[in-house]
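Whenever a hint applies, use it, and build me the whole structure from the sequences.
Number of protein chains: 2
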Amino acid sequence: MPLSPYQQLEQEFRRLHAFRGAASILRWDAAVMMPRGSSELRGEQLAALETECHSLLTSPRVSRLLDRADANAQGLEHWQLANLREMRREREHAIATPRSLVSRLAKATARAEIKWIEARQKSDFALFAPHLEEVVNLLRDKARLLGKALDLAPYDALADEFSPGLRSAEIDAIFTTLGRRLPGLIHEVIELQAQKPPVEISGRFSVSKQRQLALDVMRTLGFPFDKGRLDESEHPFTGGVPGDMRITTRFNPADPLTGLMGILHESGHAMYDVGLPEAWRGQPVGRDRGMAMQESQSLLLEMLISRNRPFLRYLQPLLEKTFGVSGPEWEVENLYRLLIRVRRSLIRVDADEVTYPVHVMLRYELEKEILDGELKVMDLPEAWNSRIQDRLGVRPTNDAEGCLQDVHWAVGSFGYFPSYAIGAVIAGQLYEALRNDRPALDEEIAAGQFGGLFEWLRENVHSVGASLGMPELIQNATGRPLSAAAWLRYVEGKYLED
Amino acid sequence: MPLSPYQQLEQEFRRLHAFRGAASILRWDAAVMMPRGSSELRGEQLAALETECHSLLTSPRVSRLLDRADANAQGLEHWQLANLREMRREREHAIATPRSLVSRLAKATARAEIKWIEARQKSDFALFAPHLEEVVNLLRDKARLLGKALDLAPYDALADEFSPGLRSAEIDAIFTTLGRRLPGLIHEVIELQAQKPPVEISGRFSVSKQRQLALDVMRTLGFPFDKGRLDESEHPFTGGVPGDMRITTRFNPADPLTGLMGILHESGHAMYDVGLPEAWRGQPVGRDRGMAMQESQSLLLEMLISRNRPFLRYLQPLLEKTFGVSGPEWEVENLYRLLIRVRRSLIRVDADEVTYPVHVMLRYELEKEILDGELKVMDLPEAWNSRIQDRLGVRPTNDAEGCLQDVHWAVGSFGYFPSYAIGAVIAGQLYEALRNDRPALDEEIAAGQFGGLFEWLRENVHSVGASLGMPELIQNATGRPLSAAAWLRYVEGKYLED
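Chains as they are written, first to last, in my numbering: chain F, 1 to 498; chain H, 1 to 498.
Watch out, some of these pointers could steer you wrong.
As the list claims (entries may be wrong) - Derived pair list, reagent style DSSO-like, types lysine-lysine, alpha-carbon separation capped at 27 angstroms:
{"hint": "1", "chain 1": "F", "residue 1": "Lys107", "chain 2": "H", "residue 2": "Lys227"}
{"hint": "2", "chain 1": "F", "residue 1": "Lys115", "chain 2": "F", "residue 2": "Lys321"}
{"hint": "3", "chain 1": "H", "residue 1": "Lys209", "chain 2": "F", "residue 2": "Lys227"}
Claimed, not checked - Cβ-Cβ distance ranges computed for the label pairs, FRET-style:
{"hint": "4", "chain 1": "H", "residue 1": "Asn252", "chain 2": "F", "residue 2": "Asn436", "range": "54 to 62 angstroms"}
{"hint": "5", "chain 1": "F", "residue 1": "Ala73", "chain 2": "H", "residue 2": "Ala279", "range": "48 to 56 angstroms"}
{"hint": "6", "chain 1": "F", "residue 1": "Ala110", "chain 2": "H", "residue 2": "Lys321", "range": "42 to 50 angstroms"}
{"hint": "7", "chain 1": "F", "residue 1": "Pro2", "chain 2": "H", "residue 2": "Arg111", "range": "24 to 32 angstroms"}
{"hint": "8", "chain 1": "H", "residue 1": "Ser39", "chain 2": "F", "residue 2": "Pro2", "range": "26 to 34 angstroms"}
None of these hints come from the bench; they were simulated from the model.
These figures come from a predicted structure and were not determined experimentally.
Built from N, CA and C at the ideal position, the CB exists for glycine as well.
The following block contains the structure:
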């Protein structure tokens, strides 16, 4: 019997998935294993794979098959209909941007990234500005074309690539709530924490012992080491593909906690991917529901679960045993205070849970203004510096700790930043629902039992894949539409307790 | 100006090269880094890449471009004409086998390889026989189709995939010469070596020190660590792609020499790839000239250069320093005797330089007979055992040390084996020419100066790429057509000296 149009589409997308998985492993290799002199060659391999993916998605054959499958959809199951919808979504994104623009953007961002590295090293924005300008000009064209095709505002069209269904209207609503509450909250928390400063940890903590501890913790979480690895890289990330997860971290011999917290963050991403429905693997419907959902999973595990007392009750004896340490600085309460310190700081990736959204909201504002043309690229450093001072009360002394700190704009990822803060908000709302559903969660975590946590997440988040939009997923999992309320309750409860 | 047909072909083959390079890194990853449970997923990624390469090579577009480029060849340079010829060669190989047969062979060999592993573990040929039977039946079809397309005998058509231009007629001539001389020679050498047995090395040699020594030696050879790596894997191999070479070995803590000799072997392969002309990279003309030439480079470095006194004069102080050892067993003359011991043994990959061709010749005979149908798969164990006893005077006590020892037939690599012994013969002939051209070679090697060696190889072998056929390459490099004479002179001189 010949394959139906829908079945043929499944075949095509399985091929797409194989190419993307190959590319993902090659990117992991580039960050973790590859000799430095091989990057140009690797760039050619990745470009060939990406071009192939783009050709596949935009081929007339896929277009025809989609139309024929839509016209013969009556026999399809619910998840297959969702899969068709996601296939079409991917195709619409791919086809809206002409190949020449894709290629010009690829070249411009490759140049801009190299210049950004140099500019950041020298803290010299002027070096980077013309390249960012070029990227922005091309992105404006892309946003306009994509917006027209998807019937979205230009910025929303870009954001939709990272977090499908996330719109400025919802982002604005959430960020307005956060923006109203956070400045006062940050002030209160810092005052309060100043009254009970934690004892600092000092000493040397061998990387091999840190790695051993991390592997132990990951095993306890249920990370499947028969289908995944832990390695080290300059910037921690989660790579690979479900079925072959590769997470990385960076260990600091003077600090036994930061590398581990990085691993818990990345493990949150990895466990999401591991929990995606196996039966849908290789299909668009079997993917995660975008970067904001991804970030909700990493932040939930790192911030809400691990930087918390029950987890530290589980961790503390492991720390003592692994490093042969004891003393007041190693007590659970002290570790907790060390891990939830709130500070007015300049660097987003080092920021704590409470100030983090402020960093993100600044970038969101600025990138929208740049894209609209309201803010000129050359005026970015001053706008950045004055606004971060307004919001957080700290001012960069150079652009490396200001508008040159993140790679995102250089590589053209406009519309990505909101996912970080929206992810935190989602994590807060999931956490509240999870605690309601599992009253014994704290005791389980303290006993090193993570099965219940991941069972809940698998049932309510992971197993959904991309079969629902993000709003429905969150509504179903928590019984409410997404809002900042639960996260604010969580943060206030955690950081303003007596 | 629009691209000429030839230029468009270069683009297509650059894309092919990128896909193959990606696949090569993914295969390296599978052997060295990948978690065990991810092999099925990796199989899908590799299959998608291979299918893509096959589609590209067999596309009507490439066919049209080849015809148009041939018709407009007057403006092309010499290397471009060679490139066109190699493009056509690759296409003819790809198109001769219908896609359905390619796919059936891929599945049959995947199954057969798994069964081979099990059968070897249990030393039970009966488990493997029906799967080998299936592979052989499909290979017969392939050999017939390929032979018809290339105007070659079926076996030669298969061999041509591994070593372009290598034919049974030449193989037979060389193997007849070797077969006449080797039995007597082996007897004489073993008698002679028995008179001066070397002192055995004993002790433990830490893997990290062995690795350090190996890295030192590789650096001295000129291995480009900015574009390559050394790792460990179960079976040593050379992977990656020129510009990102990945070699592996396996260290034995009880034996400081075998891991290093493996690295020297693989470094011979890697230096060949490193020396291929950069200007032709990504094009068929820029590839190596097949497996026999590859093996000539690895054997030249391992057997003729490294298992020799000048190299050991360079290595000996490094061994003493690295492992903090001294004594009679570490003297150059003793190390030399340890490294050139000749033994009648059963396992090809552990065989010495002199008996090695006997193992290969046996496989060559058997695989031709199996392909012709002269020998039945079920009769293979007995044929193997009685013939290896005839030729070498040893008889396997089970099939794991007999006809189940190599993976080649399971994965369908009929026609591959001769390349190993022909590679040795080429190495012998190149070595003779090299020594004539560089009378100070021994002194250079003893001083740890490998520049002259690789300069000669680069000029005479590596830089040729695939611009010449193997016979012309050898004629140009050595002034003579390929024969076994030089290798026999070398072996007799080395192993029969007083």
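Taking the hints in turn, this is what the structure says about them:
Between lysine 107 of chain F and lysine 227 of chain H the alpha-carbon distance is near 23 angstroms, which keeps this suggested pair within the 27 angstroms criterion. Annotation: proposed proximity of lysine 115 of chain F to lysine 321 of chain F is violated, straight-line Cα distance about 46 angstroms (limit 27 angstroms). Using a Cα cut-off of 27 angstroms, the hinted pair lysine 209 of chain H and lysine 227 of chain F is violated, with the two alpha carbons roughly 31 angstroms apart. Evaluation of the 54 to 62 angstroms hint for asparagine 252 of chain H and asparagine 436 of chain F yields a pass: the beta carbon distance comes to about 58 angstroms.
In this structure the hint that alanine 73 of chain F and alanine 279 of chain H lie 48 to 56 angstroms apart at CB holds, the actual value being about 54 angstroms. For alanine 110 of chain F paired with lysine 321 of chain H, a C-beta distance near 45 angstroms keeps the hint of 42 to 50 angstroms intact. Separation of proline 2 of chain F from arginine 111 of chain H is about 26 angstroms and conforms to the stated range, judged on CB atoms against 24 to 32 angstroms. For the pair serine 39 of chain H and proline 2 of chain F, the beta carbons lie near 31 angstroms from each other, so the given range of 26 to 34 angstroms is met.
Comparing the model with each numbered hint stated earlier shows that hints 2, 3 do not hold.
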